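If you read the protein sequences in the order shown, they are chains A and B. Residue 1 is where the first sequence starts when you use my numbering, and the numbers rise one by one after that. Residue 1 is where the second sequence starts when you use my numbering, and the numbers rise one by one after that.
Hints are supplied without guarantee of correctness; some may be wrong.
[Claimed, not checked] Keeping only pairs whose Cα atoms sit at most 35 angstroms apart, straight-line, the calculated DSBU-like set for lysine-lysine is:
id, chain 1, residue 1, chain 2, residue 2
1, B, K243, A, K69
2, A, K2, B, K192
3, B, K533, A, K87
4, A, K142, B, K571
5, A, K69, B, K281
6, A, K142, B, K713
7, A, K87, B, K206
8, B, K206, A, K69
9, A, K142, B, K612
10, A, K142, B, K188
11, B, K192, A, K87
12, A, K2, B, K245
13, B, K385, A, K70
14, B, K298, A, K70
15, B, K184, B, K331
16, B, K385, A, K153
17, B, K607, A, K142
18, A, K69, B, K282
19, B, K612, A, K69
Please keep in mind that the hints were generated in silico from the structure rather than gathered at the bench. Computed from a predicted model, the values in this text were never measured in an experiment.
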Amino acid sequence: MKQSIIINGTEHAIDVDGNMPLLWFLRDHLEFTGTKFGCGSGLCGACTVHVDGQAIRSCVIPVSTLVGKKITTIEGLSENGDHPLQKAWLNNNVPQCGYCQAGQIMNAASLLAVNASPSEEEIDTAMQGNICRCGTYQRIKKAIVEAADTLSKEV
Amino acid sequence: MSISNISRRNFLKTAGAATGGLVIGVALPMNALAAKGIMKDSGEELNAFIQIDDNGDTIIYCGRCEMGQGISTALPAAVADEMEADWARVTVKQGDGDEKYGPQATGGSASIRVMFQPMREAGATAKAMLIAAAAKVWKTSPDNCFAESHFVINKTNNQRLGYGELASIAANMPVPEKPTLKNKSDFKYIGKALPRHDQGEVVVGKRIYGVDTKLPGLKYAAIVHCPVLGGALKSLDKSDALKMKGVSDVIEIPRFNIPFGSIGGVAVVADNSWTAQQAVKKLKIAWDLGENVSYDTKEYKQQLVRNVEKPATLASERGDIKKAFGEAKHKMSATYTGGHLSHAPMEPNASVVWVQKDSCEVWASTQSPADIQKVLGQYLKREPKDIVVHVAMAGGAFGRKFKCDYVHEAAVISQETGAPIQLIWTREEDMRTGYYHSINAQHIEASMDDQGNVTGWLHRAAFPSIGTLFDPSMIRTPARSLGDVTDHLFGVENMRVESGDAKAHTRIGWYRAVYAIFYGFAFGTFADELAYKAGKDHLSFVNQLFDNNKNKEQQAQIKRAKNILAIAADKSGWDKRQNLPKGQGIGLAVHYSFQSFVAMAVHVEVKGDDIKVLNVDCVIDCGQVLNLDGATAQMEGAVVMGMSLALSTEVTFRGGAVVNSNFHDYPVMRISDMPNVRVHIPDSDESPTGLGEPGVAPFAPALSNAVFAASGKRYRDLPFKPLSV
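Just chain A, same shape as in the assembly:
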């Protein structure tokens, strides 16, 4: 039986070399290009996706280790692009080039899933692995706080 992986709710056969990092399985094999290549070594966070809800760096995780796991990418974070973080990102005009932002949003979503109202320090710690070379950090922080507020009101 072929091994498979569930990406954004759809099952996909892992019919590649199992050592291939999830990033390239997504980008080159499935052509889901929302997840970005930045460093290839888990240093910049541009490739962040969720494995069973938790943020991981897809550039260093072999796809064979993810058999049966549920992967969420930026394309699958919300049905209509209306996750509170996505809305807060728009509301604060966060992106400049935007290349790192999928990773930033996915990382932040993972943070908010376990810590609904993070302090500024907790945001810093959680987001420390995600580089933005355009320098949008101030707006990222603001957007995360705003999304956390929205989420707290929803509960």
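Chain A is already provided as a structure; the job is to place chain B on it using the hints.
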């Protein structure tokens, strides 16, 4: 049908006088476009930039390259404002590489300076033709009509016609000779805080960058270059690489002997990027490292310091510096240095190229599509216009993607294999075999009288010049590259500027802010050192330096520089700095570059060697602002980039090769270091000037001055806290 039939009319040719007589064809006459095969005779574009469908949907093209600086929002919004378009009805499209868009090479913070006026005129022209069309329908005078939010309205009876309904009628209207531009008070988009047109796509992962291009039959390539500039391939054993499953080819890339050309290398072609990257590691390559093999930046920097601390080659001189020094009450000297920098945009160099018998198509994140057309035209022995360049959104660039060596390489591989090729450089290749901001040293000696007036200024700069790409025999920076020193706004009657020897041993390539990085640092920091020596505070000392400038042609600039410095000081609480807790301090700096003025007040806390930046007040005067939010974002980003280069980033060479390899040893700023940045933009009616780059320069000197104020420790070398690699 769309607006068409503006044929045989010289639609809109505008001289961009502000940039020195540059003539920009905003649109060529339709018949000329048809003759060139650019569009069919019937024509579907009002000009190269605006297209209105008969349902009113409007496309505005952006000819300048987008890399995050927001030009593809700012310029189309200016068009939309002048044509009274409803921004919600406008789709922005990126223009392909094509001369019909005017100059597309996007650098030097020049887009707004070059394109603002012609784009406004294009919009105003469209509006005038739409109004004329409505007047014809209503059998009234155009003066009796006005345009508002995608409609033309009849003043007499309030009848309305939509732009869609009017589009094809407008196409038969005469083109106004000189369209009337709006008054500033009537602007709806220009000068407002408009969100980027594409951020909705960004947050759902649908924005397509150069690296995201996919084509049927696409093959993936990875590359390795000789680690030392000027080296060459000695031997290559590709057998292990070729044995890997999914690997189809190993291609030797020749050196392109042009300034921004590929240095040559070896590429592997595979089914996917990862396999290609793995296979590159299996290549057994011996390089002939060549003459730069002894390049060592630690030694080289020391040599530069020696070269500026002794007499060097004269670049310019005014007054009598000997006399000034002879009569001095105080004398002061200092030497400042900085290391190589890598642009390191988050999106590594990437492109797709497909060379076929009768065509060549390129999809690339690039700042310079015309250069790709020219270089590939030469390489493939075809006309530049036959090289189709689709300009992709760049995931950051900062000057790196002005140099399109990665595109040349993809073209070679595609030519050799016949397949469409996506070549992505790894981060390591980008870090190790890229283009680098100049390593540099600057030595300043100044004399002062007993009133703290600076009477003499000797400035020696040494850095390998960008010009070495064009003339490798160049052994020192030419006088023209020291113009920003000679023409600095500080008023010093007696000045001598010298250029120290500095041969290049790697590829020097423009990095965001260029010379302003090190000139801004040297001038801004030395002014603080002089102020201290004279027993004055920075603000009053620098104002005095400005006031001593009697050059009539610089008075307007001095006024603006002083104004923003005053605002920065005021916003930062400069007057109350004595009340700051022990270990805290505020530093100021102001710098003029890319025709804009930026001042910063940096508030730090220093504990031992630890520098924590708390607040940054950043003030920019770039004349009229197109997008207030975009301008604010550019300043926030410039602070972050300035902070990276001030504190931590440096590219180190040993044995001719770069030692750094990725973000662990090229530590760009991360979120926990982010200070509270407050951007202040005074209203201005001056012509719009540079925005993307000028914010970078003042940060490092303001930080050095702040740390000195807080701790008494003076940093003169960038980065202040280099990582040992």
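Evaluation of the provided hints:
1. B:K243 x A:K69: holds (32 angstroms)
2. A:K2 x B:K192: Not satisfied, since the Cα-Cα distance of roughly 56 angstroms exceeds 35 angstroms.
3. B:K533 x A:K87: violated (53 angstroms)
4. A:K142 x B:K571: Holds, because 21 angstroms separates the two Cα atoms, which is no more than 35 angstroms.
5. A:K69 x B:K281: holds (30 angstroms)
6. A:K142 x B:K713: holds (33 angstroms)
7. A:K87 x B:K206: holds (15 angstroms)
8. B:K206 x A:K69: Given that 35 angstroms is the threshold and the Cα spacing comes to 24 angstroms, the pair holds.
9. A:K142 x B:K612: Roughly 20 angstroms between the alpha carbons, so the hint for K142 of chain A and K612 of chain B holds.
10. A:K142 x B:K188: Roughly 27 angstroms separates the two Cα atoms, so the pair holds.
11. B:K192 x A:K87: holds (21 angstroms)
12. A:K2 x B:K245: holds (19 angstroms)
13. B:K385 x A:K70: violated (48 angstroms)
14. B:K298 x A:K70: Answer violated: K298 of chain B to K70 of chain A is near 49 angstroms, above 35 angstroms.
15. B:K184 x B:K331: Roughly 50 angstroms between the alpha carbons, so the hint for K184 of chain B and K331 of chain B is violated.
16. B:K385 x A:K153: violated (57 angstroms)
17. B:K607 x A:K142: holds (27 angstroms)
18. A:K69 x B:K282: holds (32 angstroms)
19. B:K612 x A:K69: violated (42 angstroms)
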